[in-house]
Amino acid sequence: MTQYVFYFLSFLAILSALMVVFSKNPIHSVLYLVLTFFAIAGHYVLLNAQFLAVVHIVVYAGAIMVLFLYVLMLLNLNVDAEPVKKNWVKFAGVLSGGLLMLTLVATFHKAETMPLIQDNPEIGVTANLGKILFNEFALPFEISSVLLLSAMIGAIMLSKKDTKK
Amino acid sequence: MENYYLFKIILVVALFVVSLVVAMYSTFAERKISALMQDRLGPNRAGPFGLLQPLADGIKMFMKEEIIPNVSNKTLFILGPCLAMTTALMAGVLIPWGGKVEFMGKPYDLQVTDLNIGVLYIFGVTSLGVYGIMIGGWASNNKYSLMGAIRASAQMISYEIAMGLAIIALIMSTGTMSLGEIAAQQDAGLANIVYQPLGFLIFLICAFAELNRAPFDMPESESELIGGYHTEYSSMKLGLFLFAEYINMFISSAVIVTFYFGGYNFPFQNEINEALGLSTNMATALGTLVMFGKIFFFIFFFMWIRWTLPRFRYDQLMRLGWKSLIPLAILNILITGVVMWMNGKLN
Numbered sequence: 001m002t003q004y005v006f007y008f009l010s011f012l013a014i015l016s017a018l019m020v021v022f023s024k025n026p027i028h029s030v031l032y033l034v035l036t037f038f039a040i041a042g043h044y045v046l047l048n049a050q051f052l053a054v055v056h057i058v059v060y061a062g063a064i065m066v067l068f069l070y071v072l073m074l075l076n077l078n079v080d081a082e083p084v085k086k087n088w089v090k091f092a093g094v095l096s097g098g099l100l101m102l103t104l105v106a107t108f109h110k111a112e113t114m115p116l117i118q119d120n121p122e123i124g125v126t127a128n129l130g131k132i133l134f135n136e137f138a139l140p141f142e143i144s145s146v147l148l149l150s151a152m153i154g155a156i157m158l159s160k161k162d163t164k165k
Numbered sequence: 001m002e003n004y005y006l007f008k009i010i011l012v013v014a015l016f017v018v019s020l021v022v023a024m025y026s027t028f029a030e031r032k033i034s035a036l037m038q039d040r041l042g043p044n045r046a047g048p049f050g051l052l053q054p055l056a057d058g059i060k061m062f063m064k065e066e067i068i069p070n071v072s073n074k075t076l077f078i079l080g081p082c083l084a085m086t087t088a089l090m091a092g093v094l095i096p097w098g099g100k101v102e103f104m105g106k107p108y109d110l111q112v113t114d115l116n117i118g119v120l121y122i123f124g125v126t127s128l129g130v131y132g133i134m135i136g137g138w139a140s141n142n143k144y145s146l147m148g149a150i151r152a153s154a155q156m157i158s159y160e161i162a163m164g165l166a167i168i169a170l171i172m173s174t175g176t177m178s179l180g181e182i183a184a185q186q187d188a189g190l191a192n193i194v195y196q197p198l199g200f201l202i203f204l205i206c207a208f209a210e211l212n213r214a215p216f217d218m219p220e221s222e223s224e225l226i227g228g229y230h231t232e233y234s235s236m237k238l239g240l241f242l243f244a245e246y247i248n249m250f251i252s253s254a255v256i257v258t259f260y261f262g263g264y265n266f267p268f269q270n271e272i273n274e275a276l277g278l279s280t281n282m283a284t285a286l287g288t289l290v291m292f293g294k295i296f297f298f299i300f301f302f303m304w305i306r307w308t309l310p311r312f313r314y315d316q317l318m319r320l321g322w323k324s325l326i327p328l329a330i331l332n333i334l335i336t337g338v339v340m341w342m343n344g345k346l347n
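These protein sequence lines map, in sequence, to chains A and B. Number 165 marks the last residue of the first sequence (the working numbering); no jumps. Number 347 marks the last residue of the second sequence (the working numbering); no jumps.
Calculated lysine-lysine pairs in the DSS-like style (CA-CA distance at most 30 Å, straight line): (1) B:K143 / B:K74; (2) B:K294 / B:K106; (3) A:K24 / B:K74; (4) A:K24 / A:K90; (5) B:K143 / A:K24; (6) A:K24 / A:K86; (7) B:K32 / B:K60; (8) B:K8 / B:K106; (9) B:K64 / B:K74; (10) A:K160 / B:K323; (11) A:K161 / B:K323; (12) B:K143 / B:K60; (13) A:K160 / B:K143; (14) B:K64 / B:K32; (15) B:K294 / B:K100; (16) A:K85 / A:K24; (17) B:K64 / B:K143; (18) A:K161 / B:K143.
It is worth saying that the hints were derived from the structure and are not from the lab.
With the hints as extra help, turn the sequences into a complete structure.
As structure tokens, then:
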């Protein structure tokens with residue numbers, strides 16, 4: 001049962017990820033990306049990480065993608081408005097993409113596959129996750145929160161009106 | 001095990017039907033209440049006291065001509081109201097509608113499922129609710145609709161933050177994210193409103209904003225934007241948008257009741273149940289009735305506010321969300337923490 005769900009979610013994730021790239025309309029791309037996020041959240045649930053799954057949905061599908069959609073709707077991009085790139089840009093894109101692909105293939109070829117060990121089904125429960133985050137990983141957690149705070153302040157500073165003029 | 005699935009399937013279907021019926025009669029209640037507030041009679045032609053009015057409205061909605069604008073994006077135009085309806089119906093599964101029910105000799109909870117991330121799930125579903133409005137508004141290819149969609153998304157994102165912070169204080173004081181447990185905890189002691197008065201107020205205001213109800217109905221403000229995001233919609237697709245709003249109102253009233261007003265619990269319930277000598281099922285039915293009473297009060301409250309207060313201006317709305325509610329919600333978290341620390345509940 002779980003296996004079939006896994007294959008279905010993987011198929012959905014890969015298909016919608018491809019559709020993100022191949023859709024001509026940017027709004028469609030964003031919506032396919034939202035679908036991809038849902039498929040990935042489904043994978044998290046399969047791995048007993050419910051908290052991660054639901055936060056993934058809240059943050060990415062619920063907030064970030066809404067903002068993406070918001071900006072795209074304001075820009076109102078049309079299919080014919082898509083800029084035509086120069087040939088050397090296309091070539092560079094293909095080359096770098098191919099290099100990334102090569103690296104990934106090499107990595108996964110060499111990687112050892114390990115069976116998934118789920119000795120503790122309670123591992124993804126929020127309380128346990130919170131305890132681990134605030135005890136063992138307190139420092140990295142706090143540092144990343146400072147990073148987010150500085151990014152927020154930076155965004156506010158950038159969007160603030162210049163009062164000197 | 002088969003009984004378990006049978007019970008859950010019955011519960012899901014019942015929940016679906018109840019949500020739709022409540023939403024149907026909420027439209028009727030809205031018209032009657034607005035009539036009451038404006039010293040009118042309201043709908044009184046279809047059936048006794050106009051009670052068949054929602055049915056007539058429903059038939060009218062289905063019979064109207066369906067128009068899909070030529071220039072709009074057809075797939076997304078149809079997807080919009082479908083998404084709005086789907087997300088509206090998704091949150092109800094987590095709400096505990098009552099205590100234990102004996103079904104074929106075994107006790108079950110009157111709740112479709114009790115996730116240990118229940119509160120977050122509700123939060124996630126609310127945040128997805130905006131997609132229907134945004135997609136529908138954009139796909140209409142109409143400037144008014146687009147404005148409505150953009151307002152809806154900006155408003156949702158702004159008020160979600162304050163709502164999330166208010167929920168964090170609630171999670172701190174209850175110590176759980178499961179809605180079943182939150183409701184059960186208020187069984188013996190006081191309802192959560194006593195511990196979280198400020199949190200409740202913030203949550204309620206944010207619920208108004210998330211529901212796009214007046215005074216926060218900027219996305220569809222009819223005097224500025226014709227009909228906002230559903231200007232181009234007709235027939236049942238418009239009906240789905242309107243219905244989704246009423247179902248959302250029902251579900252968020254249920255969430256407010258579960259979070260802050262004891263859910264299916266009521267004062268002296270054990271004594272009353274003992275005095276009346278009620279069986280488990282009857283006691284649960286009584287609890288569910290009480291819960292629905294509370295829910296109907298909140299639905300009435302939503303309508304009461306709508307027909308009393310004028311609409312905000314958009315900058316006022318943003319200022320209230322970012323400059324008042326979010327700092328207040330953070331203060332609420334701080335107070336909750338300090339009080340818990342003084343009572344020795346933190347360890």
